[in-house]
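Trainee: The residues making up each chain are set out below.
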Amino acid sequence: MLLQVKNLNKTYRSGKVDVKALSNINLNLEPAEFTAIAGPSGSGKTTLLNCIGTIDRAESGEIFLDNVELMGKSRNELAQLRKEYFGFIFQTYNLIPVLTVFENVEMPLKLLRKYSGSEIKDKVLGMLNQVGLAGLENRRPLELSGGQQQRVSIARALVKHPKMVLADEPTANLDSKTGEEIVDLMKSLNEQEGASFLFSTHDQLIMKHAKRLIKIRDGMIES
Amino acid sequence: MTYLFKLAFKNILRSKIRTILTFLILSFGVALYILLACLMAGFDKVSIKNVIDFETGHYKLRSPDFDEDHPYDLKNYLENSQALKTRVLKLGFVQGAAERVQFLAELDNSIDSAPVVAVGIGPQDNQVFSLEQYIIEGRLEPGGLLMGKSLAQDMGLQKDDLIYLTFRAQQGMYTSIEMLITGIVNSANPQVNNSMVFMNLDEAQKQLNTKQVTDITVKTDAFFKVKEYEPQIKAAAPNIQVYSWKKLSEDFTAMMTMKRKFQGIFLLMIMVIAVVGIVNTMLMSVYEKKAEIGTMKALGFTDQEVSNLFLFEGFLIGLAGGLMGLILGTLFNSWFYFVGMDITAMMGDQDIGMPIMGVVRSAWIADAYIKALLFATLASIVASYYPAKKVTKMEAMECLRTVQ
Chain A
1 MLLQVKNLNK TYRSGKVDVK ALSNINLNLE PAEFTAIAGP SGSGKTTLLN CIGTIDRAES
61 GEIFLDNVEL MGKSRNELAQ LRKEYFGFIF QTYNLIPVLT VFENVEMPLK LLRKYSGSEI
121 KDKVLGMLNQ VGLAGLENRR PLELSGGQQQ RVSIARALVK HPKMVLADEP TANLDSKTGE
181 EIVDLMKSLN EQEGASFLFS THDQLIMKHA KRLIKIRDGM IES
Chain B
1 MTYLFKLAFK NILRSKIRTI LTFLILSFGV ALYILLACLM AGFDKVSIKN VIDFETGHYK
61 LRSPDFDEDH PYDLKNYLEN SQALKTRVLK LGFVQGAAER VQFLAELDNS IDSAPVVAVG
121 IGPQDNQVFS LEQYIIEGRL EPGGLLMGKS LAQDMGLQKD DLIYLTFRAQ QGMYTSIEML
181 ITGIVNSANP QVNNSMVFMN LDEAQKQLNT KQVTDITVKT DAFFKVKEYE PQIKAAAPNI
241 QVYSWKKLSE DFTAMMTMKR KFQGIFLLMI MVIAVVGIVN TMLMSVYEKK AEIGTMKALG
301 FTDQEVSNLF LFEGFLIGLA GGLMGLILGT LFNSWFYFVG MDITAMMGDQ DIGMPIMGVV
361 RSAWIADAYI KALLFATLAS IVASYYPAKK VTKMEAMECL RTVQ
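One line per chain: the protein sequences are A and B, in this order.
Counting in this note's numbering, the first sequence tops out at residue 223, every number present.
Counting in this note's numbering, the second sequence tops out at residue 404, every number present.
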């Protein structure tokens with residue numbers, strides 16, 4: 001078992017009102033899964049992904065990654081975990097605009113501090129080739145289309161071979177054709193790299209690509 | 001660490017105009033400080049030279065009964081001055097010794113009168129003092145008088161005019177003598193120009209009815225070795241009061257200390273302005289990069305690493321602004337070093353508390369360069385501390401939410 005989520009609860013405070021974002025979420029993920037979390041806006045998809053990815057804290061419940069409990073970890077320990085275990089793909093790509101495509105993708109490897117310059121170069125160029133961006137490594141993010149930027153974001157998430165890739169609505173800012181291309185790419189990388197993918201979406205077209213679909217509504221898993 | 005530095009460097013180049021403006025504030029402040037420090041050092045250098053060359057020499061030897069409160073009192077005569085002078089001249093580091101008689105007098109042109117310090121100077125005076133080099137008209141002739149240019153102008157006098165000099169002789173009676181102005185001095189020391197007249201030593205002694213002098217002024221091979229040489233001078237002049245130029249110009253050196261304090265305050269003010277500018281720049285930068293901070297934290301950057309990124313940005317702004325300031329400061333100061341500043345044209349004959357007149361040039365002070373660069377860099381790091389701390393406390397999810 002790669003990931004185990006047990007009785008996860010999360011409440012937001014919106015003004016003077018408490019909003020239950022996640023309610024008793026239980027979820028198991030095996031390695032190399034390609035799973036979509038589907039649900040309407042405000043259903044808790046992003047909150048669930050953020051809690052699993054340790055960039056948000058739940059109030060109660062347990063999260064195990066490779067049998068390691070995450071809830072009691074310090075901020076620095078969680079940062080270390082994210083560095084080694086998770087790859088993130090964001091709806092708005094979140095690339096660093098002052099860095100080139102190459103520099104954006106190399107960032108997670110630089111953080112790991114375990115590869116030489118030539119190893120990093122080989123890995124980054126290889127990954128850019130895999131996502132179809134060979135030859136664009138010196139471009140800046142703003143010189144690329146939305147689809148290309150998301151490919152860079154995917155390359156950045158996968159270059160360190162994480163155990164788990166969390167993608168929050170990765171196709172929401174793209175047209176349907178490009179969206180499908182991106183999901184196809186994620187799927188093929190899931191097969192090639194063996195990383196487990198967990199992505200949120202509310203797009204029916206994208207959902208059909210998932211090997212497993214988890215439906216969420218009002219902070220609760222429906223099926 | 002290197003990677004964070006590289007990132008910080010790229011970040012400061014992101015908002016070029018804002019970065020340039022911050023650089024400019026900082027570099028202008030640094031440049032002004034350097035200019036001020038170098039100008040003041042230049043003033044001090046010239047002031048010290050003028051005090052030594054026209055007033056104090058390196059040491060003054062005076063009677064043991066010399067009364068500092070009445071420096072021109074005729075009771076202050078130094079006995080056996082010739083023997084004393086010979087002894088002092090035997091010291092290897094002594095380059096010259098000059099005897100002078102100084103007394104207070106009233107200068108009268110038959111219309112106006114002005115109090116002056118009358119000085120009798122001997123033939124060896126130019127071994128110690130620079131007066132002779134600043135005579136712009138005529139010379140000191142037997143029976144004649146040299147007077148400062150400003151004093152002559154104030155009293156409407158010129159060379160070859162006759163004046164009356166009235167003073168109290170040794171026995172206490174008033175004496176008034178008619179003298180011919182045979183030369184005009186335009187020195188770099190305002191005291192010489194504004195309130196002194198010079199005559200031959202033997203003539204002054206004759207008028208004062210004495211064979212003694214009021215002081216012997218000594219010049220050595222190094223003005224800065226005052227403390228080192230003083231015991232030897234004192235040994236050669238037992239029972240004589242020995243005053244170094246530092247002691248004699250205590251008022252002026254106190255002013256130098258004040259100026260240094262003022263420079264410190266000025267530096268502090270500049271740095272406060274720079275710090276406010278940098279804090280503002282860094283806070284704007286934090287706000288603009290909120291999404292990136294969230295992304296970096298999500299990718300695994302620790303709070304400290306993201307915080308360091310902003311501290312490095314501050315350091316780089318400080319270092320670059322400081323270096324630019326050094327270049328600007330050098331350019332500003334070059335003008336004042338090569339061309340100089342005409343104090344007399346700016347201030348006239350006004351007493352500015354320093355013995356300087358005419359064109360004064362600045363100096364080059366390495367200390368000011370080092371201090372300014374260190375301060376600029378340190379102030380920038382301090383200014384970045386608060387924004388960096390703010391970043392540490394930010395939650396990755398909160399940062400990411402701002403864009404999603």
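I should point out that these hints are in silico values taken from the structure, not numbers from a laboratory.
As the structure is a computational prediction, the values presented were derived from the model and not from experiment.
Some hints here could point you the wrong way.
Stated by the list, open to error - Short derived list, chain A residues pointing at chain B, Cβ under 10 Å:
{"id": "1", "residue": "90"}
{"id": "2", "residue": "112"}
{"id": "3", "residue": "205"}
What the hints assert, rightly or not - Within a straight-line C-alpha distance of at most 27 Å, the following computed DSSO-like cross-link-like pairs (lysine-lysine) qualify:
{"id": "4", "chain 1": "A", "residue 1": "16", "chain 2": "B", "residue 2": "393"}
{"id": "5", "chain 1": "B", "residue 1": "75", "chain 2": "B", "residue 2": "247"}
{"id": "6", "chain 1": "B", "residue 1": "389", "chain 2": "A", "residue 2": "83"}
Beta carbons are placed, not taken as given, at the ideal position from N, Cα and C, and that holds for glycine.
Trainee: Does the closest beta carbon of chain B sit nearer than 10 Å to the beta carbon of residue 205 of chain A?
Mentor: The hint is violated - residue 205 of chain A has no Cβ within 10 Å of chain B, the shortest such distance being about 21 Å.
Trainee: Against chain B, with CB atoms and a cut of 10 Å, does the hint on residue 112 of chain A hold up?
Mentor: holds, 8 Å
Trainee: Would the pair residue 389 of chain B and residue 83 of chain A pass a check requiring their Cα atoms to be no farther apart than 27 Å?
Mentor: holds, 22 Å
Trainee: Would you settle whether the hint for residue 90 of chain A is holds or violated, based on the nearest Cβ-Cβ distance to chain B being less than 10 Å?
Mentor: holds, 7 Å
Trainee: Is residue 75 of chain B within 27 Å of residue 247 of chain B, Cα to Cα?
Mentor: Holds. Residue 75 of chain B to residue 247 of chain B sits at ~22 Å (cutoff 27 Å).
Trainee: Hint check: residue 16 of chain A vs residue 393 of chain B, CA-CA at most 27 Å. Holds or violated?
Mentor: Holds, at about 24 Å.
This entry does not satisfy hint 3, going by the numbered hints stated previously; all others are met.
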